[in-house]
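There are 2 protein chains.
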Amino acid sequence: MSNALFRRVAIIGFGLIGSSLGRAIKQHGLAGTLVAIDRDAPSRDEIALLKLADEVTGDLAAGVADADLVVLATPVSTYAELGRAIAPLLKPGCIVSDVGSVKQLVLEDLAPALPPHVHLVPGHPIAGTERSGPGAGFASLFEGRWCILTPAPGTDRAAVAAVNALWHAIGSDVVEMDAEHHDKVLAITSHLPHLIAYTIVGTAVDLEEDIKSEVVKFSASGFRDFTRIAASDPTMWRDIFLNNREAVLEMLQRLTEDLFALQRAIRWGEGDFLFERFTRARAIRRSVIEAKQA
Amino acid sequence: MSNALFRRVAIIGFGLIGSSLGRAIKQHGLAGTLVAIDRDAPSRDEIALLKLADEVTGDLAAGVADADLVVLATPVSTYAELGRAIAPLLKPGCIVSDVGSVKQLVLEDLAPALPPHVHLVPGHPIAGTERSGPGAGFASLFEGRWCILTPAPGTDRAAVAAVNALWHAIGSDVVEMDAEHHDKVLAITSHLPHLIAYTIVGTAVDLEEDIKSEVVKFSASGFRDFTRIAASDPTMWRDIFLNNREAVLEMLQRLTEDLFALQRAIRWGEGDFLFERFTRARAIRRSVIEAKQA
Ligand SMILES: NC(=O)c1ccc[n+]([C@@H]2O[C@H](COP(=O)([O-])OP(=O)(O)OC[C@H]3O[C@@H](n4cnc5c(N)ncnc54)[C@H](OP(=O)(O)O)[C@@H]3O)[C@@H](O)[C@H]2O)c1
Ligand SMILES: NC(=O)c1ccc[n+]([C@@H]2O[C@H](COP(=O)([O-])OP(=O)(O)OC[C@H]3O[C@@H](n4cnc5c(N)ncnc54)[C@H](OP(=O)(O)O)[C@@H]3O)[C@@H](O)[C@H]2O)c1
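Protein chains in written order, with my numbering: chain A, 1 to 294; chain B, 1 to 294.
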């Protein structure tokens with residue numbers, strides 16, 4: 001295959017993100033051989049049935065042996081253990097990457113487990129849906145979306161360039177960033193919105209029965225959007241909050257202060273304050289539309 | 001027109017909701033004559049140009065005189081004054097309705113201003129967008145959506161039935177509800193989500209410059225949805241919060257408690273608690289989809 005950037009690519013965890021990456025790699029012919037590694041037998045059957053990979057296995061050793069690129073697409077809480085399991089199996093010069101939603105942890109949990117003869121280039125595609133599993137993936141998921149790479153200082157530049165080229169080839173805009181900075185930015189753009197959505201939907205669950213049924217019935221206009229966000233995978237989000245604790249708590253603190261200010265204004269009927277805050281917030285929407293993220 | 005439910009309908013405030021209602025009324029031929037009343041000359045020109053109404057006027061007296069149905073579609077803070085202004089102009093048996101997002105206030109502010117020979121049937125269509133003005137409206141906005149009517153006990157049943165028939169004819173499912181109950185349900189399904197969206201977007205506005213630009217850049221996955229909600233009209237939302245204070249503060253109190261519980265769990269690394277709360281919240285999404293509000 002003339003487009004192939006890698007001879008052999010192994011993706012560990014062929015769920016929403018892993019299988020989408022796999023589909024995109026196959027569609028663009030970016031790997032000589034694409035290997036799907038999944039611990040779950042029914043998932044493997046589905047992957048084989050849908051012909052999403054050239055090889056499908058539940059066996060880490062068979063999967064990663066001789067791979068030029070290994071991508072972890074499992075919950076981030078699995079990294080330390082997976083790192084220890086694959087470390088002795090990786091060939092020299094192999095690139096290890098991931099798609100996890102928090103990035104400092106990769107340097108803390110995954111990096112120490114790996115041998116010095118492999119290159120670690122962590123990545124995070126800013127794309128996803130609230131669905132899970134291999135059936136939920138699709139090849140165009142990353143098109144026109146950002147992918148953030150967070151290699152540690154001193155990482156082999158050729159390895160970084162290779163991972164960059166892969167995401168670029170499947171339609172993503174790639175940026176490089178410090179892992180700590182990544183975790184701060186994502187704390188406010190992604191982690192806090194999810195925490196709030198889970199909270200407000202949870203608050204509704206606890207309401208008295210007579211109101212609760214009507215909350216669902218009349219969920220249009222606001223609440224509905226929160227239920228979609230709160231439909232995201234609980235395991236993934238637990239892992240994110242546990243592994244980006246500092247940044248999330250810091251942003252949550254700011255949010256709470258701002259919320260109290262609005263609460264106070266409502267209590268005391270301070271309409272001008274509310275109007276001014278709402279007007280400021282509204283202006284951001286224009287920036288988001290201009291940045292083509294809407 | 002054979003479908004006409006009313007001889008003459010006047011809509012005061014021909015913005016997003018008013019003009020959408022007007023478009024739907026015209027499309028289904030539900031009024032002999034449709035009158036658009038708007039205080040804003042450029043808006044009136046646009047309404048005339050788009051042929052959205054049979055008569056367009058800035059003059060309340062010319063507009064509501066002889067109307068069988070007058071619908072207020074202005075911010076709810078205008079109701080007391082508008083009520084006093086139209087009261088002497090309304091013919092006996094006229095039905096007065098509205099589309100405001102809070103409903104106890106209608107009984108407090110509008111009802112006392114009206115003469116006893118008219119029927120007040122407040123309404124609230126659970127539909128909308130974050131846009132404003134006559135150009136933003138469209139005829140199908142209310143199709144398949146709920147419209148909640150909150151007439152006071154003892155209201156003329158024929159008048160309630162007439163307003164019910166109007167919303168039904170333009171595709172809405174109509175329910176009747178006590179105004180206080182309405183305000184409680186909407187506090188959680190609509191008002192709180194908007195307050196939170198405004199808050200979180202506002203918190204982002206206040207971030208240090210280097211993070212702020214990246215918040216917009218990487219707004220996909222969560223934050224983006226909040227910016228859309230926070231793009232809603234500041235006047236309308238100020239009015240809603242000032243006029244549904246009790247219910248909003250009560251729901252906000254519950255939300256804050258729940259948020260603190262999650263914050264604590266993050267701080268102390270209590271993964272099981274997070275997982276359990278997220279799983280509960282996720283289940284609500286299914287109910288929303290089943291209720292066809294997704
Ligand atoms: N969803 C998003 O919006 C999004 C966006 C960007 C990045 N991410 C990141 O992408 C990664 C995968 O998320 P996803 O949304 O693709 O989730 P997913 O659809 O649930 O897929 C997760 C995959 O990991 C496997 N897995 C789970 N636990 C494992 C374990 N202990 N050992 C080995 N494999 C395990 C799963 O296999 P089983 O079927 O056996 O459980 C499945 O194949 C996460 O790190 C997440 O942070 C997600
Ligand atoms: N947007 C939603 O999602 C939604 C959903 C359900 C119900 N509602 C309710 O619908 C009503 C209208 O909202 P909308 O979204 O249609 O807003 P909109 O597009 O801004 O329209 C508001 C209309 O009211 C007029 N108006 C404003 N202030 C006025 C005043 N002091 N005196 C006379 N007219 C005045 C405006 O005229 P000008 O052009 O001169 O300002 C405009 O015609 C509100 O009560 C709101 O609570 C809104």
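Hints were generated in silico from the structure; no laboratory data involved.
Positions of the beta carbon are idealized from the N, C-alpha and C atoms, including for glycine.
There may be inaccurate statements among the hints.
[As the list claims (entries may be wrong)] Chain B is nowhere near these chain A residues, computed Cβ spacing over 10 Å in every case: (1) Arg39; (2) Arg84; (3) Leu89; (4) Glu130; (5) Thr155; (6) Ala159; (7) Glu176; (8) Ala197; (9) Thr203; (10) Ala220; (11) Gly222; (12) Leu242; (13) Val248; (14) Leu255; (15) Asp258.
[As the list claims (entries may be wrong)] Straight-line C-alpha distance at most 20 Å; calculated EDC-like pairs for lysine to aspartate or glutamate: (16) B:Lys217 x A:Asp66; (17) A:Lys91 x B:Glu290; (18) A:Lys91 x B:Asp272; (19) A:Lys212 x B:Glu290; (20) B:Lys212 x A:Glu208; (21) B:Lys212 x A:Glu257; (22) B:Lys212 x A:Asp40; (23) B:Lys212 x A:Glu143; (24) A:Lys217 x B:Glu46; (25) A:Lys212 x B:Asp178; (26) B:Lys51 x B:Glu81; (27) A:Lys51 x A:Asp40; (28) A:Lys26 x A:Asp45; (29) A:Lys212 x B:Glu143; (30) A:Lys26 x A:Glu81; (31) B:Lys217 x A:Asp45.
Pair hint Lys212 of chain B and Asp40 of chain A, alpha-carbon separation not exceeding 20 Å: Judged against 20 Å, a Cα distance of about 41 Å means the pair is violated.
Hinted pair Lys212 of chain A and Glu143 of chain B, Cα distance within 20 Å: Judged against 20 Å, a Cα distance of about 24 Å means the pair is violated.
Non-interface claim for Thr155 of chain A, where every Cβ of chain B lies beyond 10 Å: With a cut-off of 10 Å, Thr155 of chain A remains clear of chain B, as the shortest Cβ separation is near 21 Å.
Lys91 of chain A paired with Asp272 of chain B [C-alpha distance capped at 20 Å]: Not satisfied, since the Cα-Cα distance of roughly 37 Å exceeds 20 Å.
Asp258 of chain A non-interfacial with respect to chain B [C-beta, more than 10 Å]: 5 Å, violated
Check on Glu176 of chain A being off the interface with chain B, judged by Cβ distance over 10 Å: The claim holds: Glu176 of chain A sits with its nearest Cβ about 13 Å from chain B, beyond 10 Å.
Assertion that Arg39 of chain A lies outside the chain B interface [Cβ separation over 10 Å]: 19 Å, holds
Pairwise hint evaluation, Glu81 of chain A against Lys26 of chain A, where the allowed Cα distance is 20 Å at most: Violated - the C-alpha atoms of Glu81 of chain A and Lys26 of chain A are around 28 Å apart, more than 20 Å.
Lys51 of chain A paired with Asp40 of chain A [C-alpha distance capped at 20 Å]: Judged against 20 Å, a Cα distance of about 16 Å means the pair holds.
Status of Ala197 of chain A, Cβ more than 10 Å from any chain B Cβ: Non-interface label fails for Ala197 of chain A: nearest chain B Cβ at 8 Å, not farther than 10 Å.
Assertion that Arg84 of chain A lies outside the chain B interface [Cβ separation over 10 Å]: 21 Å, holds
Minimum Cβ-Cβ distance from Ala220 of chain A to chain B exceeds 10 Å: Nearest chain B Cβ is 5 Å from Ala220 of chain A, so the label is violated.
Of the numbered hints listed earlier, those contradicted by the structure are 4, 8, 9, 10, 11, 12, 13, 14, 15, 16, 17, 18, 20, 22, 23, 24, 26, 29, 30, 31.
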